[in-house]
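> Listed below are the residues making up each chain.
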Amino acid sequence: DVKVTQSSRYLVKRTGEKVFLECVQDMDHENMFWYRQDPGLGLRLIYFSYDVKMKEKGDIPEGYSVSREKKERFSLILESASTNQTSMYLCASSSPRAAYNSPLHFGNGTRLTVT
Amino acid sequence: KQEVTQIPAALSVPEGENLVLNCSFTDSAIYNLQWFRQDPGKGLTSLLLIQSSQREQTSGRLNASLDKSSGRSTLYIAASQPGDSATYLCAVNIFTSGTYKYIFGTGTRLKVLA
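Going down the list, the sequences are from chains A and B. With the first letter of the first sequence counted as 1, position 9 gets the number -6 in my numbering; the numbers rise by one all the way through. Just remember that my numbering sits 15 ahead of the position in the second sequence, which is counted from 1.
So here's chain B without its partners, still in its complex pose (with noise of 0.2 Å):
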């Protein structure tokens, strides 16, 4: 059964800073891993997306890699800033039953400090 895990659940860096959050699955049979955004109170917002045969994908300061093979997937978010703070969510799109589905992790809580 694919898992999803996202750790650490909760993040505080000072403004300016490069970090990387984390998200690991336990089946490499995916077809894509997607990351999301989700601020308080709101639903998701889909920053990146990556084929199952891609190694990473870039949208301004974000860049996100996959490791099938190791079951890995980190978010690099360069020169961190407050508007960053919000839950970061991985989820992997696998082909299961005759169907496609989402598994979600729980999520990274970032806070970027001023």
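Here chain A stands alone, though its shape is the one from the complex (with noise of 0.2 Å):
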């Protein structure tokens, strides 16, 4: 089974902090995603990544990097945490190999709450 791994289930950070959210997944799958979650607004995508060292943005980067240095692994970063960033964190994983036949993976989500 495939298995996403969230290092924090929950964090709590004071604003302006900088923040490391970590993720790591053990099927060496190409893509990784960041989704953040909220109550009527869903799961939106933040930043994904398809190979090592490559990032492309999503629906809503402002405020957001990260970091893909290896394959398993990909790390969200809150450069300076706000409390509009109090969410639930989600990151996925997936093989392209065959797209139409590869599911989406969750890790267990990082509840940050910045005060």
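Keep in mind that the hints were calculated from the coordinates and are not lab data. Just so you know, not all the hints are guaranteed correct.
Here are the computed lysine-lysine pairs in the PhoX-like style, where the Cα-Cα straight-line distance is at most 25 Å [unchecked claim]:
no., chain 1, residue 1, chain 2, residue 2
1, B, Lys83, A, Lys55
2, A, Lys40, A, Lys3
3, A, Lys(-12), B, Lys116
4, B, Lys57, A, Lys(-12)
5, A, Lys(-12), A, Lys55
6, B, Lys83, A, Lys42
7, B, Lys116, A, Lys38
8, B, Lys16, A, Lys42
9, A, Lys40, A, Lys55
10, B, Lys116, A, Lys(-2)
11, B, Lys116, B, Lys16
12, A, Lys40, A, Lys(-12)
13, B, Lys16, A, Lys40
14, B, Lys116, A, Lys56
15, A, Lys3, A, Lys56
16, A, Lys(-12), A, Lys38
17, A, Lys38, A, Lys55
18, B, Lys116, A, Lys40
19, B, Lys116, B, Lys83
Since each chain comes alone in its own frame, lean on the hints to assemble the complex.
Encoded structure:
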């Protein structure tokens, strides 16, 4: 079974702090994604990556950056945390080699609160 | 622009009922459609994936159908149980601007009463 692991389930940070959210997958997937989920807004794509050192902006990249130095690890960085970044953050991975038949697999999420 | 809609937003049924959850999408050019389950405070668990060339997929008490021409998918849950209580989301996989993207609905929150 594919395992996507997010390093923290809950985080509380102060406004202005630099925050790192880590995600690791064990299935050698090329594709990795970061979403945030908010009530009434659903899942929104922040950034994604299709290969090591490669990144693409999603729908809401402002205030975030990402890093993918190794294939299995995809990090989301909040450069200067703000209260409107309080949210549930979800990491996901998939394989593009058979995109029509490749499920998207999610981690358990990180609930981030910025005070 | 692809949009995915799930109606109703919430549903409450007595245990043992068979039920249908709906998912609609506006553009039929999809690679696949995936149904997920999300328990409170957790991530999404993949339930079923239907390829664009398929009409349905089954797993245990779950059956998902896909009608691309009408832009609809349904998730059928047979003999519902309290343990089925969760939020169910659908997502379509599309190819746009040179990349694959997943477009999610906002989910149907299901409560099965014992």
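> State for each hint whether it applies.
Hints and how they fare:
As the CA atoms of Lys83/B and Lys55/A are separated by approximately 37 Å, the hinted pair breaks the 25 Å bound. A C-alpha spacing of about 20 Å is found between Lys40/A and Lys3/A, which places the hinted pair at or below 25 Å, so the restraint holds. Between Lys(-12)/A and Lys116/B the alpha-carbon distance is near 21 Å, which keeps this suggested pair within the 25 Å criterion. A hinted pair counts as satisfied when its Cα atoms are at most 25 Å apart, and Lys57/B with Lys(-12)/A qualifies at roughly 14 Å.
Of the pairs offered as hints, the one joining Lys(-12)/A and Lys55/A holds, with about 16 Å between alpha carbons and a cut-off of 25 Å not exceeded. Of the supplied pair hints, the one linking Lys83/B and Lys42/A is violated, its CA atoms being roughly 29 Å apart against a limit of 25 Å. Between Lys116/B and Lys38/A the alpha-carbon distance is near 19 Å, which keeps this suggested pair within the 25 Å criterion. Using a Cα cut-off of 25 Å, the hinted pair Lys16/B and Lys42/A holds, with the two alpha carbons roughly 18 Å apart.
Taken as a hint, the Lys40/A and Lys55/A pair is honoured in the structure, with Cα atoms around 12 Å apart against an allowance of 25 Å. Restraint check for Lys116/B and Lys(-2)/A: not satisfied, since their Cα atoms lie roughly 30 Å apart, outside the 25 Å limit. Of the supplied pair hints, the one linking Lys116/B and Lys16/B holds, its CA atoms being roughly 12 Å apart against a limit of 25 Å. About 22 Å separates the Cα atoms of Lys40/A and Lys(-12)/A, which keeps this hinted pair within 25 Å; it holds.
For the hint pairing Lys16/B with Lys40/A, the CA-to-CA distance comes to about 23 Å; that is within 25 Å, so the pair holds. At most 25 Å may separate the alpha-carbon atoms for a hinted pair to count; Lys116/B and Lys56/A meet this at roughly 19 Å. With a C-alpha separation of about 23 Å, the suggested pairing of Lys3/A with Lys56/A holds against the 25 Å cut-off. With a C-alpha separation of about 21 Å, the suggested pairing of Lys(-12)/A with Lys38/A holds against the 25 Å cut-off.
Of the supplied pair hints, the one linking Lys38/A and Lys55/A holds, its CA atoms being roughly 8 Å apart against a limit of 25 Å. For the hint linking Lys116/B to Lys40/A, the alpha-carbon distance of about 14 Å falls within 25 Å, and the restraint holds. For the given pair, Lys116/B sits about 17 Å from Lys83/B by alpha-carbon distance, which is consistent with the 25 Å threshold.
Of the numbered hints stated above, those contradicted by the structure are hints 1, 6, 10, listed in ascending order.
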